[in-house]
Structures are given as C-alpha cells and as structure tokens.
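Asks: The chain contents come next:
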Amino acid sequence: MTLAEARVIIEGLIFAAEKPLSAKEIGEIMELDPSTVDALVEEIRKKHADGALTIRLVAGGYQMVTKPELAPWIEQLGRPVVHAPLSTAATETLAIIAYEQPITRAEIEQIRGVRSDSALSNLLERGLICEVGRKEGPGRPILYGVTEKFLEHFGLAGLDELPLKSIGQ
Amino acid sequence: MTLAEARVIIEGLIFAAEKPLSAKEIGEIMELDPSTVDALVEEIRKKHADGALTIRLVAGGYQMVTKPELAPWIEQLGRPVVHAPLSTAATETLAIIAYEQPITRAEIEQIRGVRSDSALSNLLERGLICEVGRKEGPGRPILYGVTEKFLEHFGLAGLDELPLKSIGQ
Amino acid sequence: MGYVVKLEVYQGPFDLLLDLIAKNEVDIWDIPIAVITEQYLEYLYSLQEKDLAIAGEFLVMASTLIRLKSRLLLPQQPAQGEEEQEEEDPRRELVEQLLRYKFFKETAQFLEECYRAASRYYTKGQSLEVYNLKPIYARPVGDLTLDDLREVYGHLRAEQEKEAPVHEIFSRMPIQERIALVRLRLVGTPRLSFRALLKDCTPSEIVGTFLAILELVRLGEIRVVQSGLFGEISIQSYLWEVEVNS
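Protein chains in written order, with our numbering: chain X, 1 to 169; chain D, 1001 to 1169; chain G, 2001 to 2246.
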C-alpha cells in the first residue's frame, strides 16, 4: 500500500463510519501507525480545501462534516435537528459532571443549589451522561459520568478542551 | 454566487441530505437550472477522481458514496474489533471443554454447578469452540470441543500440549 | 407612571445572588450582606406579587442570608490581651459556594458557545446500509493465558471433589428476597391468591416464590388453603389476624 492509497482508504473509512473514528481504530484496520494516520488525515483536509467537506476531531475521533459556512444552505434540507440545544439547567449539570465525575446527584445539587433530577433524567435520556457506578456509603447512590456523545454534542475533541479550573479563582 | 461556490454548495447538500437528492430538488434550493446542477455534479466527480468518494445516481437522485474498490476496507468498519475479555463463566466453561472434550452442556453444568448456556453461546460466537458431534443416548445431546482458533490463540500445536491437569493444587 | 419589573429566570439562589452582586458592582469577597439580602427578598416579593411559585431553595437561601445579616450585626468581641485571632468571616462559606457555582455557570456558557459552533457542522445524512455484520474478535479470549485456563480448571475440579454439585437456580432472586416480597405483599391484606403472587414471574421466580411460601408456612407466618382440587390457592397471613384481633 502506498501512502496515496492509504490516504484514499482513510478518507473512505472516515466517510463511511457511523461514529467518529480514532487514529488508533483506523490504524488497527489498516495496520498503520496512528501518527501516520494523523498525518494522512491532515493531507485529506488539504485536498478538501476548496470543497464542501472537512474532517473534524471530535470525541477523540475523526468525523467527516460539511464546512460551517455551508450551514445556511444545509439547513434548507430540513434535516431534523439531531442535537437539539439543551436547557441551561441541563448544561450546568453537564458542566459539573464533566469536571467532577464520578459524581452523585446530591453532590451536583449541592453545587447548583437546586434540585437537578429532571436535568439529570433529561441528560441520561439523551445519552450525554451515564451511570458509572455506585458510591460507597449509605444508600449507595448512583455515580454519573459524561459519555462520548457529550463530546460530540459540543464538538469537543476531548475533556481537555474544557477551560482550566483554577481553584479559588 | 459563482459557479465554483455553487459547486461547493451542491457537494455539501448531497453529502448532508438524508436521501438521494435530485437535480430538480437541488436546483430549487439554489435557484439553479437542473441541467446546471447536473454539470456541476459532474465537476464534483472529477474533483474527487483521486479521492475515496464519488457521487452516484440512485433512484433519480444524487448520493455520495465511497468508491466500490474500497468496499473490502469499509466492510471492516461494520465488524468492530472487540477485545472484550472473557467472563469468568466463559473462561471456566472453556477450561472444562479444553480438558474434557468432547463434552455435553449437561456435563459442563455438572462440573460448574451452574447453567452454562450463555457462556457456551458466547464461546461459539467467538469461534473458540464448536460442535463436534452428538452423544449417544437420550436426546442425543451436542458434544462440544475447542477449535483451531483456540489452539492458534494459545500457540498450541495440539491438545496434547495443554498443561497437565493438576487437580487440587 | 408604571414601570416593568423584568423577571429574569434564575437557575437557583446562587444564580440570583451572583446577579445581584454583579449589578451592585461589589467585591464578592466583601458582600454587603444587608443590601444584598434586601434586594434578594425584594425579588422574591416581586415573584409573589406575580403569583409565581417560589422554589424552596430560594426560601432556604433567604433564611441563610437573614441569619448571616444578624450575625454580622452582632458586635464582635475582640479577644483582649491575646494575640489577635483571625475571626472566621461568616460570609466565607457562602462566597466559596458562590464561586464554585460561578465557575460551572461560566463553563455552561462556554459549552453553549461550543454547541453553537459545533451545530454548524453537518455529518453525512445517509448511512450506508451494508455494513451491519457481526463483530469479529481479534483476540477472542482477551488476555487469558494457558496457565489461567489450567488454574481455573484445577479449581473447578477441586471444588467438585469437595462437594456434590448444587444447582444455583436462584442466582438472580435468592429465596430470602422472595420471602421478603411475599411478606410485603401480605402487609394489610388478609389473604392473597397464589396466582396473583406469580403474576409476571419468570420460571425461576415462580420456583423461588413457591419455596418462599413453604418456608413461611414452616415459620408459622402463613397458612395455605385450597378450596378444592385445582382450586385457587389462598395464602393467609397469621400476622394480619394478630394485628386485627389485637
């Protein structure tokens, strides 16, 4: 396989995948080094410079998407909104879970100062958070964590793209 | 809108549409003549000549797909590589079959003291065991044995290379 | 001349307090509790006037603020002669909670911006239908080694030598739990039909329930009555009779 052939295969894989594909996953399929995959993805991006598509890194994987400037046109297709916007309550709850996970409902409510059960069940239903275990102690409350879908929803490559938490700011 | 801009928009629309888009539908969104759309789609195809994607006409509409020669690679995506470790139940069952084969489900359950059907079907699915015959007697139950894949994984030339049973160690 | 009270939607008492602090342009580490408390209560009254329900959390905060205010009004007794002790600022805990919340509130705003940017990227609209094959297992046994297999097998055989195999039929629902369930169902009921007890049960739960009933009979908690051959089996609680008669 030449590098040019590898580039074409990677483009096809990223296009066809139903979820963001990590360099490692692509590397395993193609028996390539993840860093080679990264370099080839960069080349594919360049080849699409004057086209409609690009590849973004989201939830730790590559995903083929239309360029943002085409959004007004794509909207005309009337696609149902896959990721409807979240309520402020739900977004706040997510922000807390993203930083403090694994975390219980009671701990979230302690931080927000208000009950958060409906925000939580909304987030669970949308697959943005999941149960990650039980906390030791009375009642063994459920612990929550964020999912890859969370990253995808906000177009984040990983949790390290979140703002730094400066303690006692 | 220049022709180059129109070409990019058409590419984005075809990529993002939930169904094949006809030249007429594209023309309506963009206020273009369907024949202009057809010509521009042809240009997009050419731009993708050395890439993974192409546009095909299906059910009267344009659809973006990977080129057919990539099919063997794309198929790998539908087969997620699973490194799932075996459950304790499956490990126990596998150990019994390796040493006692050919053996029936009832005999395995006798040794383990618990039902083992889901462990068995898991091992069958992973290709680690297979049916090797039927036991004479009531109900003619299926006999199970380990497969070549099993030997291959453990680097065994044959079953006689299995470590000696040291019972009650 | 009327004026419009702008009713803002606050996520909670912390949110409201932060807004009041921002509007008053005061230092968060030196909150004028009297002023802020007054404005906080005013806001709650304005909600009341509009017949809007006030969430309990807002009321709890109101009482916290009032308590803080009165503590601050009490004259501090300076420790005489001794080296000046740093008095704990009673506002400190509240400020820390507010700052903690503020960080996440701002992160939520950051996330909303991320969402706005991300939602302008569209993924492909159609999934290619053909790739729905079964998973393959690149390493079908995970990290299992040959020695593991031998060990597992050795243990199993050793176990078997020790005792005759016992079938664990009720791994999902131990009989103790079944007993508890039957007891629960009998609370405040003179009798219960066996059939009702088995409704929606899996086969192993049915067996478990049956064993639970036998156990309860043995314990003298219930008696079981059947009107005739194949008739409805009725489970009657002695405990209930005791309750009623006492």
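To be clear, the hints were calculated from the coordinates, so they are not data collected in a lab.
Predicted, not measured: the structure shown is a model, and the values here were computed from it.
Heads up, a few of these hints could be off.
List time: in silico PhoX-like cross-link candidates among lysine-lysine, alpha-carbon distance up to 25 Å [to be verified]:
| # | chain 1 | residue 1 | chain 2 | residue 2 |
| --- | --- | --- | --- | --- |
| 1 | D | 1024 | X | 47 |
| 2 | D | 1019 | X | 19 |
| 3 | X | 67 | D | 1067 |
| 4 | X | 19 | D | 1067 |
| 5 | D | 1024 | X | 46 |
| 6 | X | 67 | D | 1019 |
| 7 | D | 1046 | X | 67 |
| 8 | D | 1046 | X | 46 |
| 9 | D | 1047 | X | 67 |
| 10 | X | 24 | X | 165 |
| 11 | X | 47 | D | 1047 |
| 12 | D | 1047 | D | 1019 |
| 13 | X | 46 | D | 1067 |
| 14 | X | 47 | D | 1067 |
| 15 | D | 1149 | X | 67 |
| 16 | G | 2102 | X | 165 |
Asks: Could you work out which earlier hints the structure fails to respect and list their numbers in ascending sequence?
Replies: 1, 5, 10, 15
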